[in-house]
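In this note's numbering, the protein residues as written are 593 to 919.
The set of hints was computed from the structure by calculation and includes no laboratory data. Please note that the accuracy of each hint is not assured.
[Claimed, not checked] So the derived label-pair ranges between C-beta atoms look like this:
#1 Pro733 / Ser763: 32 to 38 Å
#2 Asp669 / Ala740: 14 to 20 Å
#3 Thr869 / Ala835: 22 to 28 Å
#4 Asp915 / Asp761: 46 to 52 Å
#5 Asp761 / Thr648: 39 to 45 Å
[Stated by the list, open to error] The calculated SDA-like cross-link candidates involving lysine to any residue, where the alpha carbons are at most 25 Å apart (straight line), are:
#6 Lys889 / Glu919
#7 Lys719 / Asn693
#8 Lys793 / Arg868
#9 Lys719 / Asn747
#10 Lys857 / Leu845
#11 Lys793 / Lys857
#12 Lys702 / Thr687
#13 Lys867 / Leu673
#14 Lys745 / Glu760
#15 Lys683 / Ile720
#16 Lys719 / Leu681
#17 Lys793 / Trp876
#18 Lys831 / Thr687
#19 Lys831 / Val870
#20 Lys857 / Asn762
#21 Lys911 / Asp669
#22 Lys911 / Asp897
#23 Lys825 / Lys911
#24 Lys825 / Gly885
#25 Lys831 / Asn747
#26 Lys683 / Trp876
#27 Lys683 / Lys831
#28 Lys719 / Glu650
#29 Lys916 / Gln890
#30 Lys825 / Ile720
#31 Lys719 / Arg679
#32 Lys831 / Pro873
#33 Lys911 / Phe898
#34 Lys889 / His680
#35 Lys745 / Pro733
#36 Lys831 / Arg818
#37 Lys911 / Gln668
#38 Lys741 / Pro777
#39 Lys793 / Asn875
#40 Lys831 / Glu725
Every residue gets a Cβ at the ideal spot worked out from N, C-alpha and C, and that includes glycine.
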Amino acid sequence: MGPNTSRAVKQPTVTKTTTANTLAGKVAQSTNIQSPESSNSSPIELVTTLEGVDFTREYHGVEDSDYFLPSDFIEQDRLELQHYLLRHLFKGDVTREDIKNFVATNPNSKILDVGCANGYWLDSMSKIYPLAELHGVDLAPSIIENAAKFLPKANFTVGNVVTGLPYEDNSFDFVHQRYLILGLPGDQFPTAIRELIRVTKPGGWIELVELILTSFKMQTDVVAYRSGPIMDKVLAAVKEIMAPRKLDLFAGLNLVNYVKLATKKTSLTAVNLQKRTVSVPCNWGGPIGELAGADAKQLYLTMEDFLHRQLGVEREEYKELIDKMIE
Numbered sequence: 593m594g595p596n597t598s599r600a601v602k603q604p605t606v607t608k609t610t611t612a613n614t615l616a617g618k619v620a621q622s623t624n625i626q627s628p629e630s631s632n633s634s635p636i637e638l639v640t641t642l643e644g645v646d647f648t649r650e651y652h653g654v655e656d657s658d659y660f661l662p663s664d665f666i667e668q669d670r671l672e673l674q675h676y677l678l679r680h681l682f683k684g685d686v687t688r689e690d691i692k693n694f695v696a697t698n699p700n701s702k703i704l705d706v707g708c709a710n711g712y713w714l715d716s717m718s719k720i721y722p723l724a725e726l727h728g729v730d731l732a733p734s735i736i737e738n739a740a741k742f743l744p745k746a747n748f749t750v751g752n753v754v755t756g757l758p759y760e761d762n763s764f765d766f767v768h769q770r771y772l773i774l775g776l777p778g779d780q781f782p783t784a785i786r787e788l789i790r791v792t793k794p795g796g797w798i799e800l801v802e803l804i805l806t807s808f809k810m811q812t813d814v815v816a817y818r819s820g821p822i823m824d825k826v827l828a829a830v831k832e833i834m835a836p837r838k839l840d841l842f843a844g845l846n847l848v849n850y851v852k853l854a855t856k857k858t859s860l861t862a863v864n865l866q867k868r869t870v871s872v873p874c875n876w877g878g879p880i881g882e883l884a885g886a887d888a889k890q891l892y893l894t895m896e897d898f899l900h901r902q903l904g905v906e907r908e909e910y911k912e913l914i915d916k917m918i919e
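Let the hints inform the model, and build the full structure from the sequences given.
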């Protein structure tokens, strides 16, 4: 398995502001994006039970969201581990040199992290670009509350990229989003990307980072090498859970096409679009492999509530299975 990044710069508009405003209205209309007021009016509550599943972790109960990983402190610790893994893999928080130069030469840039969790990426960015104005948005109010305590210099808001982010058009110089593969159905990726484009200033940059979560024995592209029979079995169970939610196992491979679909039949244009793929050694290959192995183990333990039932095993047997899989 491996993460994949796709980056695009929003084409500077050659029309006047009035035309750009009209364009933004057309985009919102064509994608049925709700206004921030309407999206924030829906009650958001944490749930601990669901039919057929005995939850032992804390989840958000956001309506119209397919994200099924927990939102508790244990998961936030795993996301911090994942953050440092990605920093090592891509040699920094921003993976493209011209984006780094863009932000460096615009020290007061407004930066948005979509799906910010506890704000680890924003915290790293604040150390590199101390004058930047930082914003983070996430589904779960409890996560946003903790993020505000962790990084008080940033501005955190509850919001949903599919139903509409609570920001004005052309608000940010750089927008970052990563790892929504387990929460964003494939057919909603273009809608989400259109929303990212909407809030990005003309000439600004967008960076997407996604996982390719698959195994060659599922008759797909050869992405997970030497995965072993246990991992094949577990990944097949993950696929069965993702299928009814229409989550895309190949989100990383499809990022470029999603960007193209997002701008199709609109006046929006994404230029300088590049894709970069990094293969990840899992539990081998030195410190990065050890870090990836630890992240993978925690990820699959995080999905215990769902996967132990899907695999037809008890919880303790499931934990032993994951240990053997990573080994």
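Enumerated hints in conflict with the structure, sorted upward
1, 17, 18, 25, 27, 28, 30, 38, 39, 40
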